[in-house]
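*Asks:* Residue numbers (my numbering), protein chains in the order written: chain D, 1 to 114; chain C, 1 to 113.
The reader is advised that the hints may include incorrect statements.
Said to hold, decoys possible - Some, not all, of what chain D presents toward chain C, calculated at C-beta under 8 angstroms: (1) G40; (2) L41; (3) G42; (4) F48; (5) V52; (6) I77; (7) E79; (8) D100; (9) F105; (10) G106; (11) P107.
Unchecked claim - Computed cross-link-like contacts, DSS-like style, restricted to lysine-lysine with a CA-CA straight-line distance of at most 27 angstroms: (12) D:K3 <-> C:K58; (13) D:K71 <-> C:K42; (14) C:K58 <-> C:K42; (15) C:K69 <-> D:K3; (16) D:K70 <-> D:K53; (17) D:K70 <-> D:K3.
Stated by the list, open to error - Reference listing, derived: stretches of chain C covered by chain D, where coverage requires no fewer than 3 residues with Cβ under 8 angstroms from a Cβ of chain D: (18) 26–35; (19) 45–55; (20) 100–110.
No lab work stands behind these hints: they were computed from the structure. Every residue, glycine too, gets a C-beta built ideally from N, C-alpha and C.
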Amino acid sequence: DVKVTQSSRYLVKRTGEKVFLECVQDMDHENMFWYRQDPGLGLRLIYFSYDVKMKEKGDIPEGYSVSREKKERFSLILESASTNQTSMYLCASTFDGTVDNEQFFGPGTRLTVL
Amino acid sequence: ILNVEQSPQSLHVQEGDSTNFTCSFPSSNFYALHWYRWETAKSPEALFVMTLNGDEKKKGRISATLNTKEGYSYLYIKGSQPEDSATYLCASRNSGGYQKVTFGIGTKLQVIP
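Work out the full structure, taking the sequences as your base and the hints as a guide.
*Replies:* Structure, rendered in structure tokens:
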């Protein structure tokens, strides 16, 4: 059973703080993704990674950075949190890009920035 | 950014009723269409991945069809049960490369006992 875990279910931070959201998958997946989900909007892709140390911007990368130092771990970093980054953050992974694989999601982190 | 649209946005049905909802997506450079079920307080889980025009997939009481030429997919639930209550997401992949998909906003289904 694939497991994607995220470091926190709920997180409250203050404006200007540096925030780290961690995601770990245990099935040796190549690709990992960070999304945010807001009311009335679909899951929007922030960044994804197709290999260790490789990253690609998604649709809304502004205000975020990522790190993938190990294959199983993909971190989302908010360098200076702002209130408009209050959202639900979901991490996902897929096996590889050669066939069309489903995405396996983590449980989400609900981040509130005060 | 691709436009993936789902309708209706929310739906209430009585237990035992059958229901269906729609996902529309760009038909150009189509690669695959995914359906996910997202129950409250849980992770989204994959239901179907469909790639070929005319594809039909079935899992228990849930089935899906795909029309890639006109850019739509239907999800059907036969004899809805309270445990079917969830948000159903579709996601379209419109080119190769790194499994990047675009999600719709989902259809929130509430099955009333």
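*Asks:* Let me make sure I understand: some of the numbered hints might not hold for this structure. Which ones are they, in numerical order?
*Replies:* Numbers 5, 6, 7 and 15 - these are the hints that the structure violates, sorted from lowest upward.
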